[in-house]
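There are 2 protein chains.
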Amino acid sequence: MNIRSNPDTTRPAVTTGALPASRKIFATPEAAPDLRVPLREIILSEGAGEPNLPVYDTSGPYTDPAVTIDVNTGLPRNRLAWVKERGGVEEYEGRVIKPEDNGNVGAAHAAKAFTAHHKPLRGLDGHKITQLEFARAGIITKEMIYVAERENLGRKQQLERAEAALADGESFGASVPAFITPEFVRSEIARGRAIIPSNINHAELEPMIIGRNFLTKINANIGNSAVTSSVEEEVDKMVWAIRWGADTVMDLSTGRNIHTTREWILRNSPVPIGTVPIYQALEKCNGDPVQLTWELYKDTLIEQCEQGVDYFTIHAGVRLSYIHLTANRVTGIVSRGGSIMAKWCLAHHKESFLYTHFDEICDIMRKYDVSFSLGDGLRPGSIADANDRAQFAELETLGELTKIAWDKGCQVMIEGPGHVPMHKIKINMDKQLQECGEAPFYTLGPLTTDIAPGYDHITSGIGAAMIGWFGCAMLCYVTPKEHLGLPDRNDVKTGVITYKIAAHAADLAKGHPAAQLRDDALSRARFDFRWEDQFNLGLDPDTAKNFHDETLPKEAHKVAHFCSMCGPKFCSMKITQDVRDYAATLNDREQGMAQMSAKFKEMGSDVYLDAEKVKESNRVL
Amino acid sequence: MNIRSNPDTTRPAVTTGALPASRKIFATPEAAPDLRVPLREIILSEGAGEPNLPVYDTSGPYTDPAVTIDVNTGLPRNRLAWVKERGGVEEYEGRVIKPEDNGNVGAAHAAKAFTAHHKPLRGLDGHKITQLEFARAGIITKEMIYVAERENLGRKQQLERAEAALADGESFGASVPAFITPEFVRSEIARGRAIIPSNINHAELEPMIIGRNFLTKINANIGNSAVTSSVEEEVDKMVWAIRWGADTVMDLSTGRNIHTTREWILRNSPVPIGTVPIYQALEKCNGDPVQLTWELYKDTLIEQCEQGVDYFTIHAGVRLSYIHLTANRVTGIVSRGGSIMAKWCLAHHKESFLYTHFDEICDIMRKYDVSFSLGDGLRPGSIADANDRAQFAELETLGELTKIAWDKGCQVMIEGPGHVPMHKIKINMDKQLQECGEAPFYTLGPLTTDIAPGYDHITSGIGAAMIGWFGCAMLCYVTPKEHLGLPDRNDVKTGVITYKIAAHAADLAKGHPAAQLRDDALSRARFDFRWEDQFNLGLDPDTAKNFHDETLPKEAHKVAHFCSMCGPKFCSMKITQDVRDYAATLNDREQGMAQMSAKFKEMGSDVYLDAEKVKESNRVL
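The listed protein sequences derive, respectively, from chains E and C.
Mind the numbering: the first sequence is residues 1 to 621 in UniProt numbering, read in order.
Mind the numbering: the second sequence is residues 1 to 621 in UniProt numbering, read in order.
The following block holds chain E by itself, in its conformation from the complex (with noise of 0.2 angstroms):
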């Protein structure tokens, strides 16, 4: 890994090179052979008895050795020829930047302009531009081929080498099939159950989808604020946590140059990169939510759409007579869109012009493909405030929203809370997927606990991981510094980190089909006493190696037999091992292990293996 070690510092800088043990690969999708989808490939040690481990890879061609990585230029535009071999789009000269753009800047604070300038792209009347247009024309993309290779891993020939089948998960209803086919991808986008977010005027993006029978998605905030924090920072940022995992990013930039940082990132990032429009409307108007007008949001919607950004948050719901149920909360209004909205709404004693514009903004947003995330303005900022009328009433009004935006062609995910008791938890999802659709769920946390400031990656990641169980398609992350400051590059590795097993560990619940695979493959390494394929098939191999080597830093320890939990001459595992050997020699003088094995089946040894005993588990819950 070169960690910002690039010697010509007139660039960024940016972390680049593979990760431990591992190489990209590329897959082929039958249905469209000039695309390449990448996956990262685990090589496991000599000797390890098993083929290597190709796993999702959202780190673009940053831990590609063969790519030379220079962010002035941005990475290559390879979508801009889908885009436009499927016609229906034109390329126009596109809005000039003011200088409010990027808050009224002095020369003497102006980030670097991004060197490169493109022509933007939208969409002609009368032709279909979305992927869910195309999907209910049933139209399959390329867009939706490559998602199909994406999820499916190259999992398929380890799935076909399994004895049995793995999953025997609790779904909840959804129906993660064996194997993605870009037909179902089609289904389920033309159905509302799933998203690809791709601005049309997005070339850079490698296509990944939202939706709850795909792998659960996480999503990293970045952004700089009006107290800290620079341009090259926040790149940096994007490409450290899509190395960790981070499946979308969001740039929650306020303050200035927010237009130029915002292209920086767009043009070096393979990721969706999501937007709350309203900060930088509010930045037009000095920061006074008062002053906001329709005009002025529509033409930075427009702005935003010609640079690239694949989903806005949209706070259309936080109606005028919604805003009074929050007067009696612990904590108010949480949400910055919100209680801008509501500000809004109280002074000019008006309905939200998000929500009276809602057809218009769905129209502009159609033109580029911008999907939808509709915010959730109201959402609890504590334990006391969950699941309140506030917070439902505009749930409801999303699920209204959500029927306008697919009537007018736009793809949407709806936006979940915030601080929410475990046992209110089920509650949300269930609410959310009956009055919405079903359209894809996007969650921050939720916080199951508002008592560890400083470990709210650990207090959202527990209710994550069961928000994900129970059908939420990408969970927002939470870094440790959450109510307390800004992220560094250590705590949105720890936050993407986290996520990373919020959304395995639910998509082992839900029994996604190939999701144990990764576990068993670094099970077999623990219990083999391969201590380096142990490190590299986890989700952080540097932290794991780290860890070990603080114990026993020996290279000679990694191949031994023991670890220092135990010593040498005292641990479990070996011990295992001799009752395996002895159970072995033992069974050949006693006519067989297998006999023996094979009675416990017939006493009902395997029953609780089996998923309708679980499920019924859970159902009794």
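Quick caveat, the hints were computed from the structure, so don't treat them as lab data.
Incorrect hints may have been included.
What the hints assert, rightly or not - Simulated coverage check for chain E against chain C, where a stretch passes if three residues somewhere in it have a Cβ under 8 angstroms from a Cβ of chain C:
hint	region
1	321 to 335
2	442 to 451
3	471 to 479
4	486 to 498
5	536 to 545
Since the structure is predicted, the reported quantities are computational estimates derived from the model, not experimental observations.
From the three backbone atoms N, C-alpha and C, an ideal C-beta is built for every residue, glycine too.
Following the hints, complete the assembly by docking chain C onto the known chain E.
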């Protein structure tokens, strides 16, 4: 805080001093005015407009500035009088310490012996000794009065101030009363549904209770190994673990100096100490499980009973006939105790001596009131092995042994997994309650995925929170070093805080009547921008403050009405306050918000606060 600041290098230094903005206070139970039950009071800032918050305090005299700590003499032995005054015990010479008790350590490597020697007590035939025996006889002991007061925490007053009942949880059959009375404690112990681990020789103990109708507890493991670490480090790890909230501590030392290390820990520990006696027994036969004998094990039990160990993990459920059930597992037997006994059983082709001598074990432990922690020697070590026949066969045997131990008058809890995906957690809890007559469950994690070595405090914290909600009484922590190495001080703290989060999240979800008081106090502080109060009400004030100061170090910022997430002109909480002010004005003008609120209530605005709705949502699950 004074970290290891003792200038006198001849005695081990440990961490003393109060937590930030905290003072030790004592409650005096009506039923026994001679008892002083410690609490920690978190002192809020002037102008907080609400009372200080008393919280449960596990830290012992180490956080009491009025006590001078000298680990050479140990803690005051207050409980000796309680035991003696109820009679039925005799003081005796006790077993002579043998060289093998410390692994035949030579003079060069011998740890310094603990200075004071206390003659042990043991129960006399025909007398009641254990808390279970007293409880069944309708006798309320001082230990019972003590824990009743401790569980109530002085929150009685606060609850009386609260306008409404706070508890709307889903308890899955647990029934936590609004207030804990000594009689309730007695009845739960008599029923076998709770235990007070309290060896009559652990006179330094501040008693605590483990059971699903009480606060969810956590355990921290410490212990040197053959490879690394010293006596001094282990004593300080114990003090450090209880400082952050460990309710019990297990000393899992192996190698040399085991007896001496344990003596130092016990004489300085205000919390129950648990051990796994087979570890020491194995050291006495040079690490060869085949050489173990009942006599050697029995002698070790008596040695540890006399020292004052409060609970023993005993793997008596690893029966000869279950061992081959593990042969096809991905990770075989991962419990150290389990693998030792498996090897012994196979080597001799005999039933486990722990099983065949179980009656005698009960008779020994009863004499000192050492509680059973019936070990899960066949727990799953990987997702692949969860809930298999080996695991559940053992659990059924633990149920059988529970009844035997109860008949003998012994207190019992049951250990549980291990590695279990989320959808298989509840069946573990359900089966344990059913097989073991509701004896308290004490689980390690469970870890909900295998793929994150270095982060197993998180993979397991998710499972721990869930099983705590479902009814688990005590959660054994997992540190970030799990599977990789021995935890250091930082790892111990991280493990403890993570498990305090899990236990508290469980209490909230179960509907513990007072759990939410702390969440609410912290959330109010957060919303009021009382930064110092927010830090101090959290589980780890130091970390929260440091994180805040990394971004906004100035003192002035800690009273400022904004945070670094948004900056001064763009803060959702500030805007919400504006919204509230505005709403109040508006409503004065428009004839009252109260009327509007009333109208919304009629419309069903409180429906989602209804506990029954929430429970229904979980039942569908």
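Verification of the hints:
With 12 residues having a beta carbon nearer than 8 angstroms to a beta carbon of chain C, the region 321 to 335 of chain E meets the requirement of three or more and the stated coverage holds. Beta-carbon proximity to chain C at under 8 angstroms applies to 4 residues in the region 442 to 451 of chain E; the threshold of 3 is reached and the given coverage holds. Counting residues of the region 471 to 479 of chain E whose beta carbon lies closer than 8 angstroms to any beta carbon of chain C gives 0, which falls below the threshold of three, so the coverage claim is violated. Here the region 486 to 498 of chain E counts 4 residues with a CB under 8 angstroms from a CB of chain C, which clears the bar of 3, and the coverage holds.
Counting residues of the region 536 to 545 of chain E whose CB falls under 8 angstroms from any CB of chain C gives 6; the rule of at least 3 is met.
Hint 3 from the earlier list is the only one contradicted by this structure; the remaining hints agree with it.
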